[in-house]
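Peer 1: Listed below, chain by chain, are the residues.
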Amino acid sequence: MSQTHHRRKPPRVGDRPLFRNSLIAIVLILGALLILAPLIVIGVEAFSQGWQTYVATLDHPDTRHAIMMTVVTALIAVPVNTVFGIAAAWSITKFDFPGKRLLLVVIEIPFSVSPIVAGVAYLFVYGLQGIFGPLLDAYDVKILFALPGIVLASMFVTAPFVARELIPLMQAQGRDLEEAATSLGASGWRTFLAVTLPNVKWALLYGVVLCNARVMGEFGAVSIVSGNIRGQTNTLPLHIELLYHDYQAAGAFASASILAVLAVFTIIAKVALERRGAGRRKALASLPASQGTRP
Amino acid sequence: MKIRLDNVIKTFDTFRAVHGVSLEIESGELVALLGPSGSGKTTILRMVAGLEYADGGHIYFGDQDATDIPVRDRGVGFVFQHYALFPHMTVAENIGFGMSVSKVKRSKAEIVARVQQLLKLVRLEGLGDRFPGQISGGQRQRVALARALAVDPKVLLLDEPFGALDANVRHDLRRWLREIHQELGITTIFVTHDQEEALDLADRVVILKEGKIVQQGTPQAVCRDPKDAFVLKFLGDANRLTGEVRAGRAMAGGAVIDAPGLADGPAEIYARPRDLDWSAEGPGVAATVTRVLDRPGERRVMVQAVTGEALEFDVEPERDIAAGQAGFVTLRRAKVFALDENPA
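Chains as they are written, first to last, in this note's numbering: chain A, 1 to 295; chain B, 1 to 344.
Careful, some of the hints might be misleading.
[To be verified] Just some of the chain A residues that point at chain B, by a computed CB distance under 7 Å:
1. Asp15
2. Pro17
3. Gln173
4. Ser183
5. Gly185
6. Leu193
7. Val195
8. Pro198
Simulated from the structure, these hints should not be mistaken for lab results. All C-beta atoms, glycine included, are put in the ideal place defined by N, C-alpha and C.
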């Protein structure tokens, strides 16, 4: 071994100092310009006209309403998508049924399609000229340009998050644990609560955190279906856009800072959860090792 | 509890895993299902447990038709190949799980007492607070067994119980499982592809091939009187010679062996490595030594017969044999089967 230390290592691909250092430099500079700088600008601009303006903007009824709309949307969309994600992951990993592969692909669609397409699609389904539009109108049910539409659009966009975290993990875990629990006399519900859920809880939480961040930040799909009525159907991202178009830069940045803070908390939660073994790649790699580590 | 399988069939998609298997297991018996992979042994075990449903046939527990009883209510203890211990529960919680979810309500104190008793039975006292990740493979296997026994199963089912363990641990656990079985007297079926394990442990060995029972009997019966070449080869190393039966005697390359009751015609002769010997003169199969392997207890001699077959056998450590030497392989004991024209 000691000899190999002195011997020159054979050059690996891209291992020349010039190449390596310039590549690292480019990535660092681009990262700073593209990601870090805008975040700093938000912080600086939000307080550019002092604390008073900042607080006043956030205290404005329209802003408060927008925050409320965003929170309510998340409170509905995230739990529903969590249940959907668990159900989808459970059926895909524990059962065999025709169309299983198709379901896997369908779950992925919101990741690959532009959110605005989802918004437009909802217009065609629930809009006045849409398929269910006249029917809904006849019974005076408002879906578009109201909370239900916003929730639906948000749910479409974030449908894959929980399922995508759970599926690989539950696939790797197989059916043995559930079979063992059932053979010991546990009911299906008991098996789920006592055996399945504890073994996927960090991955589940990870998916929920990402899903929540996306619901709260969703713009494209929501902007189509909400109608942008200030103080009524504006969510926080839409509100920021309105403020910006009204040349209220400080206000826009102040509102944006809320989302930025949310993002920071999301990142912290994400890293903390990844330490616990959540996250797709980590969960798979640490599966044998994590057997029995104190939860 | 007596277990009876009556013409049980299982098909996966288009693959027929089990072809009409009928089997009776006496109360308190320890039975091994032995076969190569794909022989349907695990599928049979899972059907007895209720983890798979039979497509045809019936499974009886005593006089009760258990075919359609779901696994939850069937009252079996199943030990999984990879233990399937709940990683987020301690050893004690794992063992107590069955009792805490049971329809029969037990008090906390009762469960704790029973868990302690089981920990003692599987010799893991003091490890109740550990997590499965913190104990060895052999210990995990014993926890899995204790967990299965905790629900007072009518029958204990073990899927490749020692498959994932190294040789030493496997040996100890085998003896230990035998002791536990003797102590509790619970009807036990286990699946293995390791013939040594099956022969060491079981009262009766059921040998399976392609979803059918080929032969069943005590270890002595199947070893001394294998029904066909598959069973013989599966139970242990064997040399094969082709020859001919004439008037109740089989002849192969100069060696002659009694073959009572066999019709005249082509035959195959099987001999274990211990049943062959080496001598300078015949009568025997003329051969040349290609290699000698030295082992602690014997010397393994590899020869090339003039008839083309490569043979292997063991001789005493003192014997002076070297590669290149020519001589004769003599048959001390052998099994003769009429040659199957379409060998499987």
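Peer 1: Now tell me, hint by hint, if it's right for this structure.
Peer 2: The hints, checked one at a time:
{"no.": "1", "hint": "Asp15", "verdict": "violated (38 Å)"}
{"no.": "2", "hint": "Pro17", "verdict": "violated (43 Å)"}
{"no.": "3", "hint": "Gln173", "verdict": "violated (9 Å)"}
{"no.": "4", "hint": "Ser183", "verdict": "holds (4 Å)"}
{"no.": "5", "hint": "Gly185", "verdict": "holds (5 Å)"}
{"no.": "6", "hint": "Leu193", "verdict": "violated (10 Å)"}
{"no.": "7", "hint": "Val195", "verdict": "holds (6 Å)"}
{"no.": "8", "hint": "Pro198", "verdict": "holds (4 Å)"}
In summary, the structure is inconsistent with hints 1, 2, 3, 6 from the numbered list given earlier, while agreeing with the others.
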